[in-house]
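Colleague: Sequence:
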Amino acid sequence: MAPRAKPLSPHLQIYRFTLTMTMSIVHRATGIALYGGSLLLALWLVAAAFGGGFFDGVNALYGSWFGQFVLFAYTWVLFHHMLGGIRHFIWDFTQMMDPAGRELIVRLQLGASILLTLLVWALFVWFK
Numbered sequence: 008m009a010p011r012a013k014p015l016s017p018h019l020q021i022y023r024f025t026l027t028m029t030m031s032i033v034h035r036a037t038g039i040a041l042y043g044g045s046l047l048l049a050l051w052l053v054a055a056a057f058g059g060g061f062f063d064g065v066n067a068l069y070g071s072w073f074g075q076f077v078l079f080a081y082t083w084v085l086f087h088h089m090l091g092g093i094r095h096f097i098w099d100f101t102q103m104m105d106p107a108g109r110e111l112i113v114r115l116q117l118g119a120s121i122l123l124t125l126l127v128w129a130l131f132v133w134f135k
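Mapped onto the working numbering, the consecutive letters of the sequence shown carry residue numbers 8 to 135.
Honestly, the hints are just simulated from the structure, not real lab data. Backbone N, C-alpha and C fix where the C-beta goes; we use that ideal spot for every residue, glycine too. Mixed in with the good hints, there may be bad ones.
If you anchor each label on the Cβ, the simulated ranges turn out as follows [to be verified]: (1) E110 - A49: 32 to 40 Å; (2) L26 - G64: 37 to 45 Å; (3) A56 - E110: 44 to 52 Å; (4) S71 - A49: 15 to 23 Å.
Can you make the complete structure from the sequences, with help from the hints?
Modeller: Dropping the structure here:
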């Protein structure tokens, strides 16, 4: 008797990759990235507590072009993850669950996270 073939998962044959799926993956990635950004914040707080050269060194690092890029990315990660949580909260009430609603809410999340990041940096960093 020949062994029966096990059924394959139909996800590759049936589903097309959507923006909602992408934002789900990005939401998980931003959650992980928040750990790294929190460590950077903790490093700055420790440096502030020690003061002196250590604090000056951390400020110089964070003030460099690379440090500014990382802090800018961390700001976006914070907003994107927060808005993703709000999106899931809305979905908990079974709102915007239809395909058009799901697409709209993830587009709003992405746009708002970019807009809020630019707004915060414009107000507190670039034009202070």
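Colleague: Indicate, hint by hint, whether the structure satisfies it.
Modeller: We went through each hint and held it up to the structure:
The hint said 32 to 40 Å for the Cβ distance between E110 and A49, and at roughly 38 Å that hint holds. Range check, L26 to G64: Cβ separation about 42 Å, and the 37 to 45 Å hint holds. Roughly 47 Å separates the CB atoms of A56 and E110, a value that falls within the hinted 44 to 52 Å. Take S71 and A49: their Cβ atoms lie about 19 Å apart, and the range 15 to 23 Å holds.
Consistency note: the structure conflicts with none of the earlier hints.
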